[in-house]
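Participant: Numbering follows this note's numbering, with no gaps: position 245 of the sequence shown is 245.
What follows is a set of in silico ranges between Cβ atoms, one per label pair, in the way DEER data are often shown:
1) L15 - L90: 24 to 32 Å
2) G252 - P21: 40 to 48 Å
3) I104 - K65: 25 to 33 Å
These are computed hints drawn from the structure, not numbers from a lab.
Glycine residues also receive a C-beta, built at the ideal position from the N, C-alpha and C atoms.
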Amino acid sequence: MLTHPLDPYLRPETLPTPFCPGCGCGIVASAFLRAARELGHSDLSGFVFVSGIGCSSWIPSPHFKADSIHILHGRSIPTAMGVKAVRPELEVVVFGGDGDLASIGLGHLVHAARRNLEVLVIMVNNMVYGMTGGQLAPTTPRGAVTATSPYGNPESPIDMVRTLAAAGASYVARGCVAYPRHLEKLMLEALQASGFRFVEAVSTCTTHFQLMLGTKSPVEALKKLRELVEFRDVMQGPREGRLPLGSWRPPGRRPGFVESLRGLR
Numbered sequence: 001m002l003t004h005p006l007d008p009y010l011r012p013e014t015l016p017t018p019f020c021p022g023c024g025c026g027i028v029a030s031a032f033l034r035a036a037r038e039l040g041h042s043d044l045s046g047f048v049f050v051s052g053i054g055c056s057s058w059i060p061s062p063h064f065k066a067d068s069i070h071i072l073h074g075r076s077i078p079t080a081m082g083v084k085a086v087r088p089e090l091e092v093v094v095f096g097g098d099g100d101l102a103s104i105g106l107g108h109l110v111h112a113a114r115r116n117l118e119v120l121v122i123m124v125n126n127m128v129y130g131m132t133g134g135q136l137a138p139t140t141p142r143g144a145v146t147a148t149s150p151y152g153n154p155e156s157p158i159d160m161v162r163t164l165a166a167a168g169a170s171y172v173a174r175g176c177v178a179y180p181r182h183l184e185k186l187m188l189e190a191l192q193a194s195g196f197r198f199v200e201a202v203s204t205c206t207t208h209f210q211l212m213l214g215t216k217s218p219v220e221a222l223k224k225l226r227e228l229v230e231f232r233d234v235m236q237g238p239r240e241g242r243l244p245l246g247s248w249r250p251p252g253r254r255p256g257f258v259e260s261l262r263g264l265r
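Given only the sequences and the hints, what does the whole structure look like? Please build it.
Facilitator: Structural data, given as structure tokens:
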């Protein structure tokens with residue numbers, strides 16, 4: 001009987017997934033699991049996953065065959081901090097969307113980067129509030145039409161990669177579900193790095209993203225997504241509406257938060 005190489009990491013009773021057809025969350029989950037598999041993890045027993053509220057928060061819980069915590073909206077970071085402080089030997093990974101992490105949870109996220117908290121944060125950025133009806137988000141491109149900006153978004157979006165780099169993150173990266181192998185490479189780098197690590201996965205919302213892009217199908221949306229990204233220095237920021245894809249690390253090494261706490265004993 002043929003089996004999928006990622007079957008050992010997934011709960012079969014959760015499949016098929018609750019995600020909409022064409023949703024990028026499946027690509028993000030696959031990229032992470034393939035990276036973990038490449039590093040020699042035969043299962044996820046060495047991981048703990050934390051997620052909040054939103055479509056992408058359903059990636060680890062209930063799909064991953066691992067310990068996971070589904071927590072209140074925007075509060076995944078302080079929960080992850082508690083887990084890491086008590087069980088520092090575990091790899092703590094946070095999954096969330098741009099609404100959960102870049103809006104209501106932004107304060108926690110910035111201070112986690114400042115503290116260099118030893119967790120990996122994976123943010124699926126579909127540039128809109130997908131689960132609640134397609135409203136304007138902090139990451140929505142300027143001029144984009146959403147349910148709450150029918151005449152176009154008058155605001156500039158936040159650049160989470162540069163924001164967290166400035167706050168003190170040890171590794172920041174941006175990938176895209178339209179380039180899954182590159183996204184997997186970034187996940188691999190992040191899992192091998194130390195300190196606070198952040199990977200942004202630019203994605204689509206097949207239910208609401210079409211309004212923003214003017215497309216009519218998930219396939220068209222994925223093709224259109226390639227026009228919104230480009231491979232160059234991720235620290236240069238957007239250029240002519242295109243987000244840069246890549247990774248960045250600061251020079252030298254800074255001690256992590258839990259490492260510093262344990263040094264006080």
